[in-house]
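Residues in the sequence shown are numbered from 838 upward in steps of one, following the numbering used here.
A couple of the hints might just be wrong.
List time: in silico SDA-like cross-link candidates among lysine to any residue, alpha-carbon distance up to 20 Å [to be verified]:
no.	residue 1	residue 2
1	Lys988	Thr867
2	Lys1174	Met1189
3	Lys988	Asp1080
4	Lys1174	Asp1096
5	Lys1123	Ser1187
6	Lys1123	Cys1111
7	Lys898	Arg929
8	Lys898	Arg1001
9	Lys898	Gly933
10	Lys1174	Gly1040
11	Lys988	Asp890
12	Lys1123	Glu1149
13	Lys1174	Gly1094
14	Lys934	Gly994
15	Lys934	Glu868
I should point out that these hints are in silico values taken from the structure, not numbers from a laboratory.
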Amino acid sequence: MDEKQATVKLKEDGKSIRATRTQYGDIMRTEDQAGQTDFFRLPASAGTANCLDSNPAAFLKDETSRCVRSFSLAQDCTTLPALSFQTYTSFRIFSGKDTEANLVAVGVEAVTLQAVDGTQTLLVEAAADVPLEPEFLQSAKVCNQVVLQVKYTVWYGEAGQIVRVSAAFVLGAVSNSMLPIQQNFQISFVQEAKSDAVLRSSGNPGYVQGLPLVAGWRTAEGIIRSTDPQGSLTVLQSSVEQDCLFGVPQRSPVLFGTDTLSGCTFRLEDGANCSLVSEVILGTLKGQSFPDYVATFGNSLPQNLMDWVPIENQTTVTSLQDCSIPLSYHLEVRWTKYGTLVNPQSQIVSVMEVITFNTSTLPSSSTGGLIPVSSSVSFIDVSASASPGYRAAPTINAKLPYDFFFPFV
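Throw the hints in and build the complete structure from the sequences for me.
Below, the structure is given as structure tokens:
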């Protein structure tokens, strides 16, 4: 093969790769349970506020839409596909554009049930066998488990192939007085971290203002760090809904030197499993994968255990209550300036998490009381007062010769 033929082959191979790779703005193809090919649909309003179900979702284009759905409660509750949980999960997505692309199923990440009065309950794994299809209650004139919100998250690889898709739902009870309903839809794209990704530093050696804290988990071999460039130590990010149990909570990285305060609210239902609610709230405040060590410097190596400090815990003592719920989670980071006055380096000396539980009886849902919880981070400079150094003052070391006073002495 000569040089010209090789060049042509390389160009053809490049075109072939581009032809099979999903690119920005491409319509994502799907396949239903019957084997019929279609495209990924994300309902949206078009011209009017009414939902248009044929709106296509484009690859790498994050989109959020709200639209109004009108229907007859008694006739359409169990027959209208747009209200059904299965409509948004019973298909698979092609990982690429070629005919031999893999099919990726839609996984359910979270399901939140909403009552007629707006009370929301996160459906846990123990109750995963509960049927999620719409159900019409003739006596109450209510249609249960209607899809009110769907949030898709699509993970894609370095080559542009789709590797994973998950969905979070809010299923609500709808009465005649609530018609027409508003449905919310969202799709976001996240690049999956490479297994051999380079671990980024947040300073050299000291931390740089505004970069994520370096954290990890301790093992017998050393510290395991996350390959996420945003860091593994995160804080709850306030949302528009301000509801702790509304979908999947968003989180943002803890940035060095940046104090943060966020929170959400929840309503404790009468007869709810207190220990389960407490676990869910604490998981919302801390995050699901919380590290136990933080690097003292921005470039601390995982194998150097002396360069890492543990995250200590302090839980406030509360009076004996029937139900103890974490109301606040605070992360206190103490740091100091290390090195010379000309070029001081920021060094973390300790990290403390402070969890505060309720000290009084919590309001019940019958009284309509909302309970606010908060998550915060503070950075405290514990550096000693700097003072310039001086050289030692010179001393006089005069010595006369031994016969200086001869012959008088």
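Original post:
Failing hints, ascending?
Top reply: Nothing - there is no hint that the structure violates, so all of them hold.
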